[in-house]
Amino acid sequence: MAAVGFWLFGFLLFFSFNSSVAEAASAPTRVVITFGSFSERETALFVAQDQGFFAKHHLDVKHVKASGPVALSALAGGDSQFYWGAATGATLGAIAGGLDAVFVASLIHKLEGTFVVSPAIKSPMDLRGMTIGVQSIGGGIWMRTMLALGHWGLDPKRDNIRFRIIGDEAVLAQAVATQVIDGCYLGYTFASILERQGFRVLADLAKLGIPYQNTALLGQRRFVYSSPDIVERVLRALVEAVGFVLEAGNKPLVMKSLAKGLRLPRLEDASEGYERVIHLYERRIYPNVEGIRTTIGLLGATNENIRRLKAEDLVDDRFVRKLEREGFFK
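Counting from 1, one number per residue, gives the positions in the sequence shown under this note's numbering.
Some hints here could point you the wrong way.
[Said to hold, decoys possible] Okay, derived cross-link-like pairs now, DSSO-like style, lysine-lysine, Cα gap no bigger than 27 Å in a straight line:
(1) Lys330 to Lys256
(2) Lys260 to Lys110
(3) Lys256 to Lys110
(4) Lys62 to Lys260
(5) Lys65 to Lys330
(6) Lys110 to Lys65
(7) Lys65 to Lys157
(8) Lys260 to Lys65
(9) Lys62 to Lys251
(10) Lys56 to Lys260
(11) Lys256 to Lys122
(12) Lys251 to Lys207
(13) Lys56 to Lys322
Hints are computed from structural coordinates only; laboratory data are not their basis.
All values derive from a computational prediction rather than experimental measurement.
Please construct the entire structure, taking both the sequences and the accompanying hints into account.
Put into structure tokens, the structure is as follows:
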């Protein structure tokens with residue numbers, strides 16, 4: 001009987017040991033995050049990858065840059081688990097059209113960035129009759145542009161302001177430099193490069209105080225409910241990345257990640273973007289309901305489906321609330 005007991009104990013010990021080894025050796029969870037922007041707003045995403053925060057939480061994260069509509073289609077089809085974006089016409093239009101997605105976190109809660117124009121343009125009123133570059137109609141750059149124009153009392157149709165689809169921020173900056181367009185929205189990194197070349201920064205949009213659900217993380221509701229552990233691990237990694245970015249001593253490493261992520265030719269070109277993003281990121285990454293409501297109000301004036309949306313129904317903050325209860329934002 002003693003021999004049987006010893007054999008059973010040995011079997012259980014062997015099984016337990018091998019299960020632990022198998023678990024430790026199991027492959028990290030593969031997660032695809034799509035993003036359409038190309039600016040310093042993506043710093044935390046770059047840092048989480050480069051500094052191993054995703055790996056720390058047993059995640060194998062692949063970043064895929066794509067236009068908003070393509071990225072949202074990937075989310076709808078299950079080809080990606082998260083979309084890193086903002087409350088734009090494309091995002092809310094997709095949700096109004098049937099994409100059951102929710103904001104699970106927000107890193108930037110307000111409108112930010114700059115409006116860069118040719119030196120001949122002295123004030124917002126000089127934008128009348130001009131050609132403004134965007135990445136797409138309804139996307140994040142278009143949305144930020146429309147919010148800025150509305151703040152200045154400008155109406156594209158009434159004031160004959162033409163939109164020209166150009167590309168992402170790197171391409172837009174080149175279009176301003178070569179005078180293909182008269183101006184456009186740009187993040188601080190590319191704006192600083194143009195400013196050194198003599199172009200005018202018409203406004204720092206962060207100073208206008210316009211509420212906006214800026215850089216955020218969205219997931220399909222069914223995925224969020226079926227895979228809460230993955231959502232939580234991704235958010236933990238991002239919170240740690242934000243903390244790393246905001247720690248002054250990490251500046252050289254953060255700038256290196258930003259320069260690499262944006263494919264900047266010189267490390268110093270990332271300096272302005274770094275200095276700005278450390279004042280934009282929020283440690284408490286709650287989705288911004290008021291910012292979502294601002295976008296619904298703007299787009300809902302001409303889109304009945306978007307007008308029916310309720311901002312509070314588009315957020316799922318239970319993961320962020322759990323992190324705060326654990327003291328994760330200190």
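Hints, verified against the model:
For the hint linking Lys330 to Lys256, the alpha-carbon distance of about 26 Å falls within 27 Å, and the restraint holds. At most 27 Å may separate the alpha-carbon atoms for a hinted pair to count; Lys260 and Lys110 meet this at roughly 26 Å. For a cut-off of 27 Å, the pair hint linking Lys256 to Lys110 stands: about 26 Å separates their Cα positions. Of the pairs offered as hints, the one joining Lys62 and Lys260 holds, with about 16 Å between alpha carbons and a cut-off of 27 Å not exceeded.
The straight-line distance between the Cα atoms of Lys65 and Lys330 is roughly 31 Å, outside the 27 Å bound, and the hint therefore fails. A threshold of 27 Å between alpha carbons decides the hint, and for Lys110 with Lys65 the separation of about 23 Å falls inside it, so the pair holds. A threshold of 27 Å between alpha carbons decides the hint, and for Lys65 with Lys157 the separation of about 31 Å lies outside it, so the pair is violated. About 14 Å separates the Cα atoms of Lys260 and Lys65, which keeps this hinted pair within 27 Å; it holds.
Between the alpha carbons of Lys62 and Lys251 the distance comes to roughly 24 Å, so the proposed pair stays at or under 27 Å and holds. Distance hint between Lys56 and Lys260 is fulfilled; the C-alpha atoms sit about 21 Å from each other, no more than 27 Å. Among the hinted pairs, Lys256 with Lys122 is inconsistent with the structure: their alpha-carbon atoms are about 35 Å apart, more than 27 Å. Only pairs whose Cα atoms come within 27 Å are accepted, and Lys251 paired with Lys207 is accepted, the gap being roughly 24 Å.
Between the alpha carbons of Lys56 and Lys322 the distance comes to roughly 19 Å, so the proposed pair stays at or under 27 Å and holds.
Checked against the numbered hints listed earlier, the structure breaks hints 5, 7 and 11; every other hint is satisfied.
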